[in-house]
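Visitor: In order, the protein sequences belong to chains A and B. Counting in numbering that gives the first Met the number 0, the first sequence runs from 0 upward without gaps. Counting in numbering that gives the first Met the number 0, the second sequence runs from 0 upward without gaps.
Be a bit skeptical, because a hint or two may be false.
Any copy will do: because identical chains look the same in the list, a pair fits if it lies in one copy or spans two.
[Claimed, not checked] Under the rule of at most 27 Å between Cα atoms (straight-line distance), these lysine-lysine pairs were calculated in the DSS-like manner:
no., residue 1, residue 2
1, Lys149, Lys35
2, Lys591, Lys500
3, Lys35, Lys98
4, Lys338, Lys87
5, Lys100, Lys492
These are calculated hints, taken from the structure and not from any lab test.
There are 2 protein chains.
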Amino acid sequence: MSKSYWIWHPGAFELYHSMLLHNRRTSAKTVNINGKEERRSVYYPPMWRVDGPCHNADLTKTEELQAECEIELFSNTEYCHILVDGKKYPKNTRIVLSKGKHTVELHGYKAESFPAFYIKGNAFNTDRTWLSCNNNNQPGRHAGQSELYKDHCDNVEIFKFKYEKMSPVSIKQENGGVLYDFGCEKFGKIILENAPNGEYLLCLGESVEEALDTAYCQLCVNAQVTKGAFTSVPVAFRYIFVPNLTTPLDIFVNFEFLPLETKASFECDNELINHLWRVCEYTMLLNSREGFFDGIKRDRWVWSGDAYQSYFVNYYLAFDKEIVKRTIRMLRGSEPMTKHINTISDYTFYWLCSIWDYYFYTGDKDFVLDIYPDMLEVLSFVEGRLAPDGMFERKPDDWVFMDWSTFDSNGPICAEQMVLCKAYDSISKCAELCGDTKTSARAKKQAEYIKEQINLLYWNEEKGAFVDCYKSGRNNVTRHANIFAILFDLTSKERKEKIVKNVIYNKEITPITTPYFEFYELDAMCHIGDFEYMTNMLDSYWGGMLRLGATTIWEEFDPTKNGIEHYEMYGGKYEKSLCHAWGASPIYLLGKYALGVYPTKAGYREYDVKPNLMCFKHFCGTVPTPKGTVTVKMDGGRVSVLSQLDGGTLILGGKKYTIEKNKELTVNM
Amino acid sequence: MSKSYWIWHPGAFELYHSMLLHNRRTSAKTVNINGKEERRSVYYPPMWRVDGPCHNADLTKTEELQAECEIELFSNTEYCHILVDGKKYPKNTRIVLSKGKHTVELHGYKAESFPAFYIKGNAFNTDRTWLSCNNNNQPGRHAGQSELYKDHCDNVEIFKFKYEKMSPVSIKQENGGVLYDFGCEKFGKIILENAPNGEYLLCLGESVEEALDTAYCQLCVNAQVTKGAFTSVPVAFRYIFVPNLTTPLDIFVNFEFLPLETKASFECDNELINHLWRVCEYTMLLNSREGFFDGIKRDRWVWSGDAYQSYFVNYYLAFDKEIVKRTIRMLRGSEPMTKHINTISDYTFYWLCSIWDYYFYTGDKDFVLDIYPDMLEVLSFVEGRLAPDGMFERKPDDWVFMDWSTFDSNGPICAEQMVLCKAYDSISKCAELCGDTKTSARAKKQAEYIKEQINLLYWNEEKGAFVDCYKSGRNNVTRHANIFAILFDLTSKERKEKIVKNVIYNKEITPITTPYFEFYELDAMCHIGDFEYMTNMLDSYWGGMLRLGATTIWEEFDPTKNGIEHYEMYGGKYEKSLCHAWGASPIYLLGKYALGVYPTKAGYREYDVKPNLMCFKHFCGTVPTPKGTVTVKMDGGRVSVLSQLDGGTLILGGKKYTIEKNKELTVNM
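Work the whole structure out from these sequences, hints included.
Guide: So, in structure tokens, the structure goes:
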């Protein structure tokens with residue numbers, strides 16, 4: 000068994016697949032083709048610069064061999080060679096290396112994608128330890144590799160999804176056509192079999208209404224059946240409607256998914272919550288692919304703010320390090336950075352935050368070392384756009400998103416400063432980890448300065464809250480900055496208490512309408528021990544969607560709306576995504592605060608288990624870590640913890656109990 | 000007839016073809032394949048970072064239509080759409096635009112190459128006037144276009160060469176195999192026809208000796224004949240040797256070339272010079288392709304210093320603006336600039352120089368405006384690597400080439416400072432042309448400062464010459480800096496005279512061995528009116544190669560060598576290029592100084608004709624300009640000039656005569 004991986008110029012694999020995926024979005028348009036109105040699927044470009052991979056690679060390694068070895072180079076390109084101690088060989092030839100020290104270089108080029116290499120043999124195994132410089136003046140960086148590509152027969156240009164052919168759960172005549180229901184959201188190629196040759200319009204829908212609305216559905220497939228068959232590009236849908244059809248066609252989906260293993264669970268006495276957990280799990284599954292997607296129907300893009308939340312959910316669901324690393328690299332793109340990530344300033348800041356969080360959950364220092372030079376480039380871009388004193392200010396063309404909400408933006412908004420502050424904190428910690436003490440100290444100082452300024456400039460004593468903007472004099476209060484003040488510990492205990500009263504529990508302050516920011520609100524409330532606010536919201540807000548029949552979590556939910564009003568967004572009747580990853584936070588919230596499992600030292604070297612029964616009578620659940628799982632059971636009288644790793648402390652009623660590896664700890668209350 | 004061009008994100012076409020061409024180099028290696036020694040063609044990677052094109056494009060234009068118009072979008076990608084006043088259409092659909100103002104956007108993506116667009120119709124013709132922004136924060140830049148791609152059926156991914164199938168001029172049995180001679184250097188795919196199936200090794204050579212030396216020839220083709228035929232990738236050679244062959248195979252070459260029209264001529268009473276001119280012309284033809292190549296056999300790369308000379312030859316041969324612009328863009332690559340062009344500092348400086356020269360010969364201000372932002376980026380890179388006072392100093396990993404010659408490099412060499420000084424002069428003039436007066440003034444001042452410092456630090460009064468290095472105390476004199484001092488007018492008349500005596504005519508100063516630097520030496524001597532030095536050198540140096548049977552000009556020539564010693568270079572028996580563009584300078588020298596035609600205002604708005612009979616009894620020749628040709632005839636008693644353009648002045652014996660367009664001017668001496 001070879002210990003080799005396919006390797007490449009760092010980031011090439013991620014940039015290549017990112018480029019492909021960001022250019023797969025389409026939208027259905029009504030087009031006049033030679034005088035006839037037709038519904039057509041039209042390309043929808045990404046709204047930020049999408050970088051392609053580096054097409055050349057040079058990788059090198061020096062190794063001292065204890066005995067004679069034989070190696071053979073595999074590559075995905077004809078344009079390559081292996082240089083052994085300065086002597087060139089083509090690929091697919093066996094090379095014998097004598098005992099002793101050798102230097103091997105791999106050079107390759109591929110115009111259509113990126114060059115990748117694999118060495119088979121008992122020496123010079125290809126992996127991250129190879130260095131790549133690619134003819135830049137920069138110091139060599141570690142080669143890229145992926146756990147998914149470890150066999151010399153692998154094709155790194157084809158992403159390793161799994162496939163399952165599925166039939167609709169119901170087929171019925173409707174509106175002069177045929178409506179197919181696949182039971183819940185699917186993603187994959189639509190397959191037509193045994194069909195009469197000709198052209199068929201397939202109208203897709205996440206809802207019945209969307210599929211049946213042939214003039215306004217968001218996605219359609221123009222199926223040209225030849226030889227009785229047709230296969231589409233991969234698309235997302237629950238329903239397919241084929242208008243003007245009397246005899247149903249044989250339609251299937253070749254369901255395409257990343258084989259992520261759920262390592263977590265949560266079961267309690269509340270069936271709605273159990274159901275919600277599984278719906279969140281499925282929502283995450285559909286949106287976890289090459290990277291973490293926003294939603295599977297519409298964009299299918301990697302958005303940094305959305306992904307930032309998926310990372311947390313992932314740490315409490317599949318704990319797949321690979322997808323987090325891929326997503327971080329995809330979002331970064333390549334040099335030079337000329338615009339914020341996804342064009343959004345807060346999304347750049349979350350990107351910076353995500354690296355420390357990744358390290359803290361996984362303990363994977365290698366990745367931080369590998370990505371740290373990119374972090375510094377991002378920092379340099381960010382600092383080139385700050386106000387002279389280092390506070391955030393909006394520059395032309397920067398999108399300050401924060402949330403789908405109305406802020407007083409007559410000046411930089413408070414919540415943005417807070418994420419910037421948190422980003423500096425992440426930089427400071429990562430820099431320290433990488434031995435860059437100068438940057439670490441500078442970033443720490445800057446984080447402290449921003450925190451100070453936030454408390455000085457944005458706090459309004461009369462409102463007992465942080466205001467959006469201190470320049471306009473309007474003193475507008477929204478939830479966002481106040482949530483971050485609690486969640487990121489940016490203010491005093493006294494001010495936090497005021498915020499809870501004056502903002503969180505104040506019904507006059509516009510409620511959050513996206514599951515996106517609801518994540519932060521609930522995380523903040525749990526952070527200060529108010530679990531009821533969270534469980535109430537799971538029931539009313541998330542439960543509200545489930546009661547309307549949701550099989551996946553929506554991009555946005557406003558309980559006051561009715562019928563197909565729920566599907567409207569961005570000015571389109573069905574433009575809302577009904578399967579949006581940012582709705583999956585209950586998995587994180589229940590894992591971290593009900594089961595109560597979280598690391599206290601990087602990579603779960605030490606961790607706490609601080610379970611809270613909340614509104615439940617009993618629950619049982621599992622949380623994954625890099626070293627195994629932690630299972631927690633709780634009811635009114637007893638807690639038991641079974642952990643596969645050392646370093647744990649059970650905290651219960653102010654008391655601490657040491658958790659021993661693989662030995663159930665039971666505490667009666 | 001549509002006035003449209005295929006358009007793309009600026010630079011995408013050039014970067015795409017540059018990436019392909021820089022990755023086509025191979026070298027023949029003896030490889031052990033399963034215990035058997037075989038000669039194989041192995042990939043040889045470029046030694047600098049080669050950038051791929053941008054895979055996304057967005058281009059936009061607003062136009063006021065005087066009447067209803069119909070347009071149709073063509074593109075090389077399925078991933079595209081056209082947005083008319085915010086409404087999307089796919090490609091290949093007819094779109095009717097009403098009278099009035101419209102804004103059209105083109106969006107596209109192509110993973111394998113780059114997206115390109117063509118609008119057919121009587122409005123919104125696609126050309127340079129479209130703006131491209133590609134989701135960067137930078138201001139929009141003009142779309143890229145090429146004169147070669149003006150038909151909607153064109154494929155921008157295939158470079159538009161011409162082809163001609165050619166047979167060998169002789170076939171003979173030799174060394175147990177068969178030797179084919181194609182008469183002179185060819186480039187193209189080798190074709191085997193009516194051949195018995197099997198594998199043949201084709202050993203290629205620019206010389207007979209190389210082709211016959213199966214163990215050391217630089218290039219080989221491993222021909223796998225199936226169904227009686229085989230076609231190779233394009234390669235360069237004059238001779239093909241097939242070892243172990245008794246019955247000759249039918250071998251052809253599909254000669255591949257850029258259809259450049261020679262607009263110049265030179266005929267005189269000296270047959271060697273007439274022959275030389277044609278050999279130089281053919282050498283240029285073979286190396287003028289997607290861009291200007293160094294040599295057609297070995298590298299087939301675009302090197303900035305080599306290309307810089309080809310630009311000048313081109314201005315006196317084909318006057319093809321397109322290939323100059325393509326070459327300049329290819330050399331530039333994309334952001335960020337992390338290493339010197341071709342890794343060589345002087346090559347970056349020549350790149351900067353070339354842009355003003357291009358403008359001065361062509362008058363094409365559009366290109367200067369388009370490339371100016373790139374110039375500024377290069378300037379910023381260069382200045383980030385200069386000494387604190389702005390003089391050149393060598394940084395680690397920078398290659399200071401200057402010439403294949405030995406310099407005292409115990410400190411920055413004088414010639415390098417001189418090219419830097421010239422580069423600042425070019426920047427200053429281009430900046431002024433683009434309205435950037437601040438940069439213009441700063442660059443001018445810097446050029447003056449460097450000139451001053453050169454004269455202060457590097458002039459050695461005792462030697463009466465500039466020394467390589469002023470730090471070592473060795474006072475080593477080479478020709479290079481002294482040539483530039485004359486050619487770039489960097490010193491006083493008095494010092495120039497000393498240089499001519501103490502350096503140029505001083506046989507103790509190592510002579511130039513490359514046609515590359517010989518160009519500058521002869522240019523400098525002609526510049527100060529010493530034509531005899533030049534014509535002597537054409538006879539002895541260039542004539543020396545011709546007398547050895549050269550059918551194209553060599554990379555380097557040392558008359559003291561013998562036999563196959565001439566073919567040796569870089570440690571390889573036949574590694575020298577025998578068809579090297581930098582040898583074609585006689586075309587430039589004879590056009591500029593014998594015919595005496597050169598612009599005095601940009602784009603030949605005004606120009607001089609200052610013919611010099613030199614050592615000739617008579618000559619007649621033509622020089623191209625952007626506005627037509629200038630033909631000059633001269634003998635001992637008479638000069639006549641026939642020009643297709645206004646603005647010319649004939650200068651003869653200190654007198655000036657106005658040249659009238661299309662009217663022959665004859666002056667008796």
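Visitor: Tell me the numbers of any earlier hints that the structure contravenes, in ascending order.
Guide: 1 and 5
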